[in-house]
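> One letter stands for each residue in the lines below.
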Amino acid sequence: MNAVGFAWRSLVRQPARATLGVLGVAAVGALLFDMLLLSQGLVVSMRDLLERSGWDIRVTAGELPGRGLRLGNAVSTAERIAALPSVRAALIVRLADARIEPGTGTPIVAAFQGVSGFSSAGAPITPPWTIIRGREASGAREVVIDGAIASAAKLQIGGTITLRASCVGDREALPPAQLHVVGIAEFPFAGTSEDAMGGSLEALKAACAGNVGDEADLLLVTSVKDANETAAAIRAALPDLRAMTNDEVVGRLQETGFSYFRQISTVLTTVTVAFAVLLITVLLTVSVNQRLGEIAALRALGFSRRRVIADVMSESALIVGSGGVLSLPLGLLLSSGLDRILKGMPGIPAELHFFVFDQRALAIHVGLLVATAVIAALYPMRIVSSLPIAATLRDEVIG
Amino acid sequence: MSVRTLLLALLILAAAPAIDAQGQPPDILISRQLATSEGLAVGSVVRLGTDAAGTGAREFRVAGIYEPTPDPSRLGAVPREVRLHLPDLLDLTRSPGTPAGTEYIAGINVALTNPADARAFSRDVNARMPGVVARPSSEAAGSAGPFRVLERFHLAIAVVTIVASTVFLLALTIMLVDERRETVGILRLIGLPVRRVLVQVLLEGLIVAGAGAAFGLVLAVLSEGLINAFFQWRYDTALVFVRITRDVALTSTAIAVPLGASATVVASWALLRRSGLRLARR
Chain V
30 MNAVGFAWRS LVRQPARATL GVLGVAAVGA LLFDMLLLSQ GLVVSMRDLL ERSGWDIRVT
90 AGELPGRGLR LGNAVSTAER IAALPSVRAA LIVRLADARI EPGTGTPIVA AFQGVSGFSS
150 AGAPITPPWT IIRGREASGA REVVIDGAIA SAAKLQIGGT ITLRASCVGD REALPPAQLH
210 VVGIAEFPFA GTSEDAMGGS LEALKAACAG NVGDEADLLL VTSVKDANET AAAIRAALPD
270 LRAMTNDEVV GRLQETGFSY FRQISTVLTT VTVAFAVLLI TVLLTVSVNQ RLGEIAALRA
330 LGFSRRRVIA DVMSESALIV GSGGVLSLPL GLLLSSGLDR ILKGMPGIPA ELHFFVFDQR
390 ALAIHVGLLV ATAVIAALYP MRIVSSLPIA ATLRDEVIG
Chain G
4 MSVRTLLLAL LILAAAPAID AQGQPPDILI SRQLATSEGL AVGSVVRLGT DAAGTGAREF
64 RVAGIYEPTP DPSRLGAVPR EVRLHLPDLL DLTRSPGTPA GTEYIAGINV ALTNPADARA
124 FSRDVNARMP GVVARPSSEA AGSAGPFRVL ERFHLAIAVV TIVASTVFLL ALTIMLVDER
184 RETVGILRLI GLPVRRVLVQ VLLEGLIVAG AGAAFGLVLA VLSEGLINAF FQWRYDTALV
244 FVRITRDVAL TSTAIAVPLG ASATVVASWA LLRRSGLRLA RR
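Sequence lines, in order, name chains V and G. Terminal number for the first sequence in the working numbering: 428, no gaps in between. Terminal number for the second sequence in the working numbering: 285, no gaps in between.
Chain V with its partners taken away, still in its complex shape:
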């Protein structure tokens, strides 16, 4: 019988302790796996979200899109950017708070995204939302809304929406505007508790009774080839503005908002691994101490020192391996719950996830578990390797 088979029988002989050991590793492993998913989850998710939008570069007046100043002379700025040889298209994005007045019930507060595009050689321009049903809004009287607004206000495609938008300040008292709903859309950058709607810049102007001004919160740009070169060209042409590629936006967020989760993930990963090593070491050590007589007898029967060490190592590998396999589904289940909790944070886009599965995290998880199995087995392996056969047998028999 080989070492693994022998270790398996040792574990089966003590089913309660073996099961509890495996379950303990599974629980700790699930937490470890989740912390590894958390360490890069936001970055992976944000990068995916930015790349899916189809826009390479974000041009703003402030530090981060949507968090700084509005840029002035939006139309001429967008035209200048679109005229650059390395730019395929540019899109003005203007945000406003809208108060939708359903026929009955309380008003719905939504974020209104007004967009206007400029492209070279007729390149297609896609708005920062995805149409699910209906068609794209065009002109000054059409909008698309998200599913939440549609159900809350009982609106359907072809219906009319009455809203008051405030483009400049909260204390505007503008007349209500009526716009036609032509589609239901998903807004990937809208927060989990935020309703969103979109339309052309003209539609936004109509909603704000023309009180918009030539300003933009953000300019989205698609480059012909390399995004970095295009961003550099924009910065050279418009030195007052910030042009950031998707990688730079992710890098900036990594340094600021996402940093906390990376740090907490590192701390918890370290604590979890230390906890697992300590507990498995104790489990194996106690188990070996209880079987000293048995191990000495095996040595006396001809089992080599290397063989008994291999038995202990195999036992550790079986406990950690079984627990590790169980930890993957458990971890994924737990991560969905933790993700739901963290997405309760204000301003987090609904499609952004804190825990994202990636192969690198899985590889690190497996590596850490292997290291745990080896390190945890070191001390018990030392005990069995230095076991005095005759003395142990005498102690066990006489004692």
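Bear in mind the hints are in silico, worked out from the structure with no lab data behind them. Computed from a predicted model, the values in this text were never measured in an experiment. Even for Gly, the Cβ is constructed at its ideal location relative to N, Cα and C. Treat the hints loosely; a few may be bogus.
Residues on chain V that point at chain G, a partial pick, calculated with CB under 7 Å [said to hold, decoys possible]: (1) Arg-46; (2) Leu-49; (3) Gly-50; (4) Leu-52; (5) Ala-56; (6) Val-57; (7) Leu-60; (8) Leu-267; (9) Asp-269; (10) Leu-270; (11) Val-306; (12) Ile-370; (13) Met-374.
Non-contacting residues of chain V with respect to chain G, defined by C-beta distances greater than 12 Å in every case (computed) [stated by the list, open to error]: (14) Met-30; (15) Glu-130; (16) Ala-329; (17) Ser-415.
Given the structure of chain V, go ahead and fit chain G onto it with the hints provided.
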């Protein structure tokens, strides 16, 4: 009255030596981080403008350097801030078409004589002044504030950790109890009833769990300073990340001690149901 505002639009254009008291520019306060990054000191004179070109920039004198109030929602962002007297700020930022006195302000902080009246005062203001929203500071973050969400996240992590610890604890106690099978068998053979042995096991469990909880608390208190020092250094903030309060210590002890003692009793129970002879045999 001075007001704290986010001066993202304001840019420090130049630093110049302090000038005489005669014709001295208005005073401002700057954050410690801004002072460090720009090499400013009390008495420095700076020019502030609302755009990068320095349009309409005016001179101000740094009257003091302050430590910004820690703000978890801006964690990671170095707070380079300036505090101006409200009239100075409005003069600087007012657009040419805006008559003085018609500007917006983002909010008014009110300090009450009796802080316990905050809720009643808010209700009163909301009723008397339509269009103005008053909220007690304690409710300003709302149920979905970053603090509350992080609290729920950490609670969930704590629950998973407790579950994992409990499972390991059970495994360990089963092994330890098994190791003492002969001792328990002899105690039973000399006449000690099951209940007596169980009480002894429970007391042992309580002592071990109590010692473990105390050790855990000492470890937590020692690591508290280290964790805070690391994160405060990492984020250049005075925010306190870990605080072992009396409630936290009591809650941890209230969970750990009964859990440890119960695990010992549960693990012993199966053993104690066997006869003394069976336990004591070699």
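> For each hint, tell me whether it holds in the structure or not.
Consistency of the hints with the structure:
Taking 7 Å as the C-beta cut-off, the interface hint given for V:Arg-46 holds, the closest approach to chain G being about 5 Å. Interface hint at V:Leu-49: satisfied, since its Cβ lies 4 Å from the closest Cβ of chain G, which is below the 7 Å cut-off. Taking 7 Å as the C-beta contact cut-off toward chain G, the hint placing V:Gly-50 at the interface holds, the least distance being around 5 Å. For V:Leu-52, the shortest C-beta to C-beta distance to chain G is roughly 5 Å, which falls under 7 Å, so the interface hint holds.
A cut of 7 Å between beta carbons decides the hint on V:Ala-56: the least distance to chain G is about 4 Å, and the hint holds. For V:Val-57, the shortest C-beta to C-beta distance to chain G is roughly 5 Å, which falls under 7 Å, so the interface hint holds. Annotation: interface hint on V:Leu-60 holds; nearest CB of chain G at approximately 5 Å, less than 7 Å. Interface hint at V:Leu-267: violated, since its Cβ lies 11 Å from the closest Cβ of chain G, which is beyond the 7 Å cut-off.
This hint holds: V:Asp-269 has a C-beta 5 Å from the nearest C-beta of chain G, less than the 7 Å allowed. Evaluation of the V:Leu-270 hint against chain G yields a violated restraint, the C-beta minimum of about 10 Å exceeding 7 Å. With a least beta-carbon distance of about 12 Å to chain G, the hint placing V:Val-306 at the interface is violated under the 7 Å criterion. Because the closest C-beta pair between V:Ile-370 and chain G is about 5 Å apart, less than 7 Å, the hint holds.
Because the smallest distance between the Cβ of V:Met-374 and any Cβ of chain G comes to about 5 Å, under 7 Å, the interface hint for this residue holds. With 12 Å as the threshold on Cβ separation, the claim that V:Met-30 sits away from chain G holds: the shortest Cβ distance comes to roughly 24 Å. At roughly 17 Å, the least C-beta separation between V:Glu-130 and chain G is larger than 12 Å, which holds for a residue marked as non-interface. Against chain G, the non-interface label of V:Ala-329 holds: every CB pair exceeds 12 Å, the least being about 19 Å.
Interface exclusion of V:Ser-415 from chain G stands, the closest Cβ pair being 21 Å apart, more than 12 Å.
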